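S.K.: Residue numbers (my numbering), protein chains in the order written: chain H, 1 to 398; chain A, 1 to 341; chain D, 1 to 329.
Careful: at least some of the hints might be erroneous.
Said to hold, decoys possible - Between beta-carbon pairs, the in silico distance windows are: (1) D:THR283 with A:LEU178: 49 to 57 Å; (2) D:PRO95 with A:ALA14: 39 to 47 Å; (3) A:ILE132 with D:PHE91: 42 to 50 Å; (4) A:LEU74 with H:ASP325: 34 to 42 Å; (5) H:SER362 with A:SER151: 49 to 57 Å; (6) H:ARG164 with A:ALA294: 51 to 59 Å; (7) H:GLN96 with A:LEU295: 25 to 33 Å.
What the hints assert, rightly or not - Computed cross-link-like contacts, SDA-like style, restricted to lysine to any residue with a CA-CA straight-line distance of at most 20 Å: (8) H:LYS84 with A:LEU178; (9) H:LYS45 with A:MET299; (10) A:LYS102 with D:LEU311; (11) H:LYS45 with D:ARG125; (12) H:LYS84 with A:VAL305; (13) H:LYS84 with A:TRP286; (14) A:LYS102 with D:PRO100; (15) H:LYS84 with A:ALA29; (16) H:LYS45 with A:ILE301; (17) H:LYS84 with A:ILE306; (18) H:LYS92 with A:PHE321; (19) H:LYS84 with A:ARG285; (20) H:LYS84 with A:ILE283; (21) A:LYS102 with D:ARG125; (22) H:LYS247 with D:THR137; (23) H:LYS191 with D:PHE293; (24) H:LYS297 with A:ARG285; (25) H:LYS45 with H:GLU57.
Derived by calculation from the structure, the hints in this document are not laboratory data.
It should be emphasised that the depicted structure is a prediction, and the values quoted were computed from it without experimental measurement.
Backbone N, C-alpha and C fix where the C-beta goes; we use that ideal spot for every residue, glycine too.
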Amino acid sequence: MKNPNLRTTLLLAALGAAFPLCAQTLEVKIGHVAPLTGGIAHLGKDNENGARLAVEEANAAKIKIGGKDVRFSLVAEDDQADPKVGTTVAQKLVDQKVVGVVGHLNSGTSIPASPIYNGAGIPVISGSATNPKLTEQGFKTQFRVVGRDDQQGPAIARYLATNRKPKVVAVIDDATAYGEGIANEVEKTLKAQKINVLPREKGTDKTTDWKAVLTKLRGRNPDAVFYGGMDATGGLLLKQARELGMKAVFTFGDGACTDKMKELAGAAADGLLCSQAGIPPQAADRKFTAAYKKRFKADPILYAPFTYDGTNLLIEAMRKADSTDPKKYLPTLQKLSYMGATGQIQFDGKGDRRDAEMTIFSMNKGNLEPIAIIKSGKTIAYADFIKGAAGGAAKGKK
Amino acid sequence: MLLIAVTLAVLPFALAQVGTAWVRITNYAVLYILLALGLNIVVGFAGLLDLGYIAFYAVGAYTYALLASPQFGLHLPFWIILPIGALVAAFFGVILGAPTLKLRGDYLAIVTLGFGEIIRVFLNNLSRPVNITNGPQGIGGIDPFRVGEFSFAAPQSVLGLELSGPIKYYYLLLAMLLVIIVVNLRLQNSRIGRAWEAIREDEIAARASGIDTTRIKLLAFAMGATFGGVAGGMFSAIQSFISPESFVLVESVMVLSMVVLGGMGNIWGVILGALLLSFVPEILRWTVEPAQMALFGRMLIEPEVIRMLLFGLALVLVMLFRPAGLLPSAVRQRELTERHG
Amino acid sequence: MAMDTFLQQLVNGLTAGSVYAVVALGYTMVYGIIQLINFAHGEVVMIGAMVAFSLITALAPAGLPPLAVLLIGTGCAIPVCALVGYSMERFAYRPLRGAPRLAPLITAIGISIILQHLAMLVWSRNVLAFPQILETTTYMLGGTAITNVQIAIIAVCFAMMAGLALLVYRTPLGTAMRATAQNPQVAGLMGIDTNRVIAATFVIGAALGAVAGVLFGTYYGVAQYTMGSVLGLKAFSAAVLGGIGNIPGAMLGGLLLGLVEALGAGYIGDFTDLCQYGVFAGTLEACKDGGNFVLAGSNYQDVFAFLVLILVLVFRPSGLLGERVGDRA
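Assemble the whole structure, with the sequences as input and the hints as a guide.
M.R.: Below is the structure:
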């Protein structure tokens with residue numbers, strides 16, 4: 001061992017000469033967009049982590065496409081939840097010739113960005129944008145793995161109608177795209193069930209004083225109230241309603257289906273109903289949750305399992321089509337059937353997830369607990385769903 | 001002069017080498033310049049502090065969106081809609097300006113602020129009982145500018161050059177900008193321009209020398225609004241989606257900052273101010289983000305927050321030390337640095 | 001039932017209006033003396049609420065009586081806000097004393113932005129929930145609910161106004177303030193240190209702002225870095241409504257605005273529901289099956305303050321009780 005370095009170098013050179021193909025790796029870029037700064041930066045980071053985990057696992061699995069080793073890299077961008085920045089960032093990703101995009105987080109930025117990706121033929125899968133319009137534009141490149149507001153709204157509305165049988169329901173929204181959208185869906189569903197829905201009341205996403213609106217509603221004596229909006233305003237709404245002596249059941253969408261409701265409303269939060277699009281984080285595949293925890297030293301917050309699945313869908317489609325060219329793997333993606341951390345995924349003709357699940361939660365003594373899963377129009381008690389899912393997860397694999 | 005012209009002409013292709021995204025960023029910057037020039041007429045020329053200017057941008061944007069999108073199924077061509085948008089904006093300029101004519105400077109400011117907010121709230125709520133603006137969901141699928149078969153959004157090859165959508169819009173915006181600069185220069189040196197200056201300096205004296213201050217002030221509002229309206233129409237087409245969220249008070253303040261920082265009343269100053277403040281977010285992202293990551297390993301202060309802090313500081317410092325702005329207009333300079341009693 | 005609803009709206013409106021009134025006092029004092037809309041006053045209120053939040057959160061586990069915690073919280077918020085108010089005046093407004101009106105107004109906007117974002121850096125963007133240390137007892141008068149917190153807020157508001165009126169009309173400082181407001185040059189000639197008087201005005205205004213911030217935080221249970229801007233604009237409208245520079249006017253304006261907002265949000269929807277007017281019920285599609293066609297409802301409650309402001313300025317610019325501002329050369 002006179003000169004170890006020289007020996008090693010000669011050995012490697014010999015190996016390298018003997019296997020020239022080893023040096024050929026395909027560098028493939030996958031884009032991810034979410035707000036990494038601003039009010040929901042923590043959710044944006046959660047999304048990015050999910051996508052990153054998928055990319056790192058794919059690299060560890062040493063996938064081969066077209067005979068070459070593939071090395072995936074994640075190009076993570078920040079769209080600040082602003083449509084102007086969203087379109088600029090989408091253009092940046094197109095310029096960088098990414099083969100696919102996971103994102104954006106908000107519908108408000110996904111929608112204006114979609115024509116840019118479509119124009120370049122780049123498939124984009126969103127893990128959290130729930131506005132129906134996103135997949136109604138006729139873009140063959142637009143997909144999503146989470147349910148739509150026009151599925152979530154009816155799900156919570158039907159659960160409310162069936163389980164609490166209200167005669168009079170009041171609907172309030174916060175005059176944002178999300179809040180108004182889901183409130184409209186709830187109202188439509190309730191009216192279809194011949195339930196009396198009071199004229200819509202509105203606030204804003206910054207309202208702190210709901211008493212005027214609540215007092216008016218109190219005079220109409222509703223059995224239930226649905227609020228389309230976020231927890232920052234929803235919590236105050238609930239607290240003030242109880243202060244005014246209202247006894248109605250308060251129902252919320254996923255924007256107000258968080259622990260913050262307990263912080264803001266205190267004891268008044270108990271008994272609230274709310275929904276989330278998709279299965280709850282605690283029901284996601286255990287392997288995913290464990291891997292996420294190990295890599296990022298934190299629990300997944302909300303949509304990480306969905307971006308994880310979205311990224312894996314892109315990778316799986318490329319693998320199956322044996323090509324990283326969007327033109328070639330897009331048809332494969334459209335027909336793909338895949339078992340992900342959030343369950344079995346298949347896309348319909350519009351790019352939406354087939355049979356997307358919705359979860360109904362209730363606040364019990366300060367804890368948000370899932371009580372039911374709505375899938376394909378059927379309501380499954382949560383305990384039963386977990387038993388069924390455990391069996392299914394054991395069977396299905398990547 | 002020729003050098004500038006050549007640079008401007010070649011710029012988008014140079015930027016496109018780095019990435020078409022930069023052409024988009026430049027396009028948004030030009031839109032801000034148009035807005036700043038419009039506000040300059042109201043604030044800089046006529047001395048009326050309008051804090052709700054973004055309302056005219058919104059009016060122009062929604063006029064275009066309502067006439068060229070799936071919302072009503074109308075798809076009029078842009079060369080018809082833009083003049084309509086300008087007229088509608090001018091109309092709003094007059095009705096928003098009319099109640100403010102007798103108000104003192106600070107009351108004028110806050111009333112215009114109120115109008116700006118009222119317009120935004122109306123746009124956000126006109127989805128019921130009749131759906132006009134589609135409320136907070138915004139209007140999507142807005143038509144790009146089209147002349148026959150030629151669409152400004154579609155990429156195409158001309159004479160071997162790759163013209164992407166943003167590059168085509170760039171040239172259109174540049175042309176629009178040149179027209180507006182010429183209009184501004186002519187206005188400034190016209191009788192109307194001098195009347196504005198007179199009102200700004202001393203309204204009572206202006207009225208005494210026979211200027212119909214009512215008409216002249218309304219004209220300032222209307223003309224300023226027209227530029228905002230046209231810019232709004234272009235914004236609609238370029239982004240292909242608009243919602244009331246894009247027309248909040250912060251945007252009005254932003255445009256005002258551009259006018260104040262650049263130099264109220266000085267057309268070139270205003271352009272400089274708009275350019276500087278438009279590119280600040282990008283510059284920050286290029287410098288501050290990596291610097292913070294390198295020094296601290298994480299983002300201590302987000303670029304967006306730094307940007308707003310810088311704007312606030314710019315406003316305060318400019319007023320303290322250089323109230324006439326970076327490129328002062330000579331008249332303004334004299335007026336602002338003079339101390340009364 | 002309808003009476004209960006109406007009385008309840010009155011209670012809601014008066015409470016919210018009281019908070020507006022205390023904030024309006026700050027605006028009206030500053031405007032009265034130097035004819036400046038201190039745009040940043042709303043941010044001072046916000047800082048008061050935030051400081052109180054930090055303190056109350058820190059003290060809550062200590063088991064002290066809630067009233068003591070609140071008083072300590074307020075006691076800490078006041079000096080911080082006073083400092084902010086003083087610095088604003090000394091470093092940003094005083095150099096611009098002789099400049100045309102545009103300049104301090106723009107400066108005020110700049111300061112407002114800076115304060116907001118500094119607060120965001122210190123306290124984060126999130127909505128902060130005040131610890132629930134107060135026992136809220138609700139008293140039912142018929143069907144109308146009124147809580148002890150609401151009563152306290154209205155009481156504090158009147159106390160603030162009374163205290164301020166006492167200061168302005170019975171103390172030498174108050175006389176100096178009134179003199180400076182009326183004519184700064186002559187006041188200076190009479191030996192009044194106008195700089196000190198103006199600084200004192202800002203400090204007192206800021207202190208009132210701090211109290212308003214604590215009231216807001218206690219009543220609604222939340223604080224956020226954005227709470228100052230909307231609150232500030234509404235309170236300024238209230239001050240103009242009552243008569244700028246006029247202390248009872250600010251009080252009246254605040255309470256009235258609170259009532260207008262509450263009653264407006266509560267009843268405008270009903271009045272503009274076209275389906276109840278026979279003329280339309282037959283023709284409008286939406287009115288079938290007991291539907292509604294509401295022209296304007298609670299969705300416009302945000303703009304009531306602005307509409308009030310515009311109407312007042314167009315039809316009665318000096319406000320309800322008349323303005324008290326000096327002549328500015």
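S.K.: All hints, please: hold or fail.
M.R.: Here's how the hints hold up against the structure:
{"no.": "1", "hint": "D:THR283 with A:LEU178: 49 to 57 Å", "in the structure": "52 Å, holds"}
{"no.": "2", "hint": "D:PRO95 with A:ALA14: 39 to 47 Å", "in the structure": "44 Å, holds"}
{"no.": "3", "hint": "A:ILE132 with D:PHE91: 42 to 50 Å", "in the structure": "48 Å, holds"}
{"no.": "4", "hint": "A:LEU74 with H:ASP325: 34 to 42 Å", "in the structure": "39 Å, holds"}
{"no.": "5", "hint": "H:SER362 with A:SER151: 49 to 57 Å", "in the structure": "52 Å, holds"}
{"no.": "6", "hint": "H:ARG164 with A:ALA294: 51 to 59 Å", "in the structure": "56 Å, holds"}
{"no.": "7", "hint": "H:GLN96 with A:LEU295: 25 to 33 Å", "in the structure": "26 Å, holds"}
{"no.": "8", "hint": "H:LYS84 with A:LEU178", "in the structure": "24 Å, violated"}
{"no.": "9", "hint": "H:LYS45 with A:MET299", "in the structure": "13 Å, holds"}
{"no.": "10", "hint": "A:LYS102 with D:LEU311", "in the structure": "13 Å, holds"}
{"no.": "11", "hint": "H:LYS45 with D:ARG125", "in the structure": "16 Å, holds"}
{"no.": "12", "hint": "H:LYS84 with A:VAL305", "in the structure": "17 Å, holds"}
{"no.": "13", "hint": "H:LYS84 with A:TRP286", "in the structure": "18 Å, holds"}
{"no.": "14", "hint": "A:LYS102 with D:PRO100", "in the structure": "18 Å, holds"}
{"no.": "15", "hint": "H:LYS84 with A:ALA29", "in the structure": "11 Å, holds"}
{"no.": "16", "hint": "H:LYS45 with A:ILE301", "in the structure": "16 Å, holds"}
{"no.": "17", "hint": "H:LYS84 with A:ILE306", "in the structure": "19 Å, holds"}
{"no.": "18", "hint": "H:LYS92 with A:PHE321", "in the structure": "39 Å, violated"}
{"no.": "19", "hint": "H:LYS84 with A:ARG285", "in the structure": "15 Å, holds"}
{"no.": "20", "hint": "H:LYS84 with A:ILE283", "in the structure": "16 Å, holds"}
{"no.": "21", "hint": "A:LYS102 with D:ARG125", "in the structure": "40 Å, violated"}
{"no.": "22", "hint": "H:LYS247 with D:THR137", "in the structure": "17 Å, holds"}
{"no.": "23", "hint": "H:LYS191 with D:PHE293", "in the structure": "16 Å, holds"}
{"no.": "24", "hint": "H:LYS297 with A:ARG285", "in the structure": "27 Å, violated"}
{"no.": "25", "hint": "H:LYS45 with H:GLU57", "in the structure": "18 Å, holds"}
This entry does not satisfy hints 8, 18, 21, 24, going by the numbered hints stated previously.
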